[in-house]
Amino acid sequence: SIEYWFRCMDVDGDGVLSMYELEYFYEEQCERMERMGIEPLPFQDLLCQMLDLVKPESTGKITLSDLKRCRMAHIFFDTFFNLEKYLDHEQRDPFAVQKDIGSECPEPSDWDKYASEEYEILVAEETANEQLHEGTFDDDYEAEELQVPGEIGNKMEKLVITDLSA
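In full-length UniProt numbering, the protein residues as written are 1 to 166.
Calculated directly from the structure, the hints in this document are not laboratory data.
Derived pair list, reagent style DSS-like, types lysine-lysine, alpha-carbon separation capped at 27 Å:
1) Lys85 / Lys61
2) Lys68 / Lys55
3) Lys85 / Lys55
4) Lys85 / Lys113
5) Lys113 / Lys55
6) Lys85 / Lys68
Between beta-carbon pairs, the in silico distance windows are:
7) Asp14 / Glu118: 41 to 51 Å
8) Arg71 / Arg7: 19 to 29 Å
9) Tyr119 / Tyr4: 29 to 39 Å
10) Glu31 / Leu132: 25 to 35 Å
11) Arg7 / Ala115: 37 to 47 Å
12) Lys61 / Glu126: 29 to 39 Å
Just so it is clear, CB atoms sit at the ideal spot from N, CA and C, and this is done for glycine as well.
All chains, full assembly: derive it from the sequences and hints.
See the structure below:
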């Protein structure tokens, strides 16, 4: 099946999957994700993931032998052809893939898992902070929602003044 899917992706028939061919197929997946309301991963980020996954012998080119040598070719092809499976892979524990394929790499330690989880949290927080500083959340609230009713505002002022005079 690796040969079949490789031939499907090798649009120009040169025996090599170029970055242009990968981008061509990924754009189709991006369109599907956008229709579902899912923000797709930028192609450059996906490309880095795929190159790390396959580890091609020649930089910038993926050959059939690279994919046959790779133990995770199914994930590679799912990324470009099967949106449902691609999204499943994206949501899974990254360490579960290593366990599934019986990788030669040792199972990650608790520290590795912890560091990975903390990194994901950090990235999420930074993204939220960037959105906050860019003002992208401003449209989420109506002006009335942000105003403090007069009664509460007066009580708060008295509380602050009382605390300062004490």
